[in-house]
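Enquirer: Following the numbering used here, the residues of the sequence shown are numbered contiguously, the last one being 276.
Have a look at the derived ranges for each label pair, beta carbon to beta carbon:
#1 Pro226 with Arg266: 25 to 33 Å
#2 Ser254 with Gly276: 16 to 24 Å
#3 Met215 with Glu253: 30 to 38 Å
Keeping only pairs whose Cα atoms sit at most 30 Å apart, straight-line, the calculated DSSO-like set for lysine-lysine is:
#4 Lys270 with Lys259
#5 Lys259 with Lys225
#6 Lys225 with Lys270
#7 Lys238 with Lys270
Please keep in mind that the hints were generated in silico from the structure rather than gathered at the bench.
Just so it is clear, CB atoms sit at the ideal spot from N, CA and C, and this is done for glycine as well.
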Amino acid sequence: MRQFEIVLQNKPGQLAEVCEVLSKAGINIKSIATEIRDESFGMVKVLTNDERTTRKALQNAG
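Build out the structure end to end from the sequences listed, making use of the hints.
Expert: Here is the structure:
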C-alpha cells in the first residue's frame, strides 16, 4: 500500500470528486486524512488497496 497526497482547492465538493474517481475505478480507501494549507488550498492523504490503479485513476482525472 502507498499513501497518495493530493492538493485540492479548498471548496465544497473537491474531496467528493477524489472519492468518486477512486470509487469508479474500484479502489478501496483504507485511510484518509485532510489538512488545510491556507484559505485557498488543502491536502488530502489517501491510502488505498491498489497503488497502480490508484495512480492511473488519479492521473486520468487530472
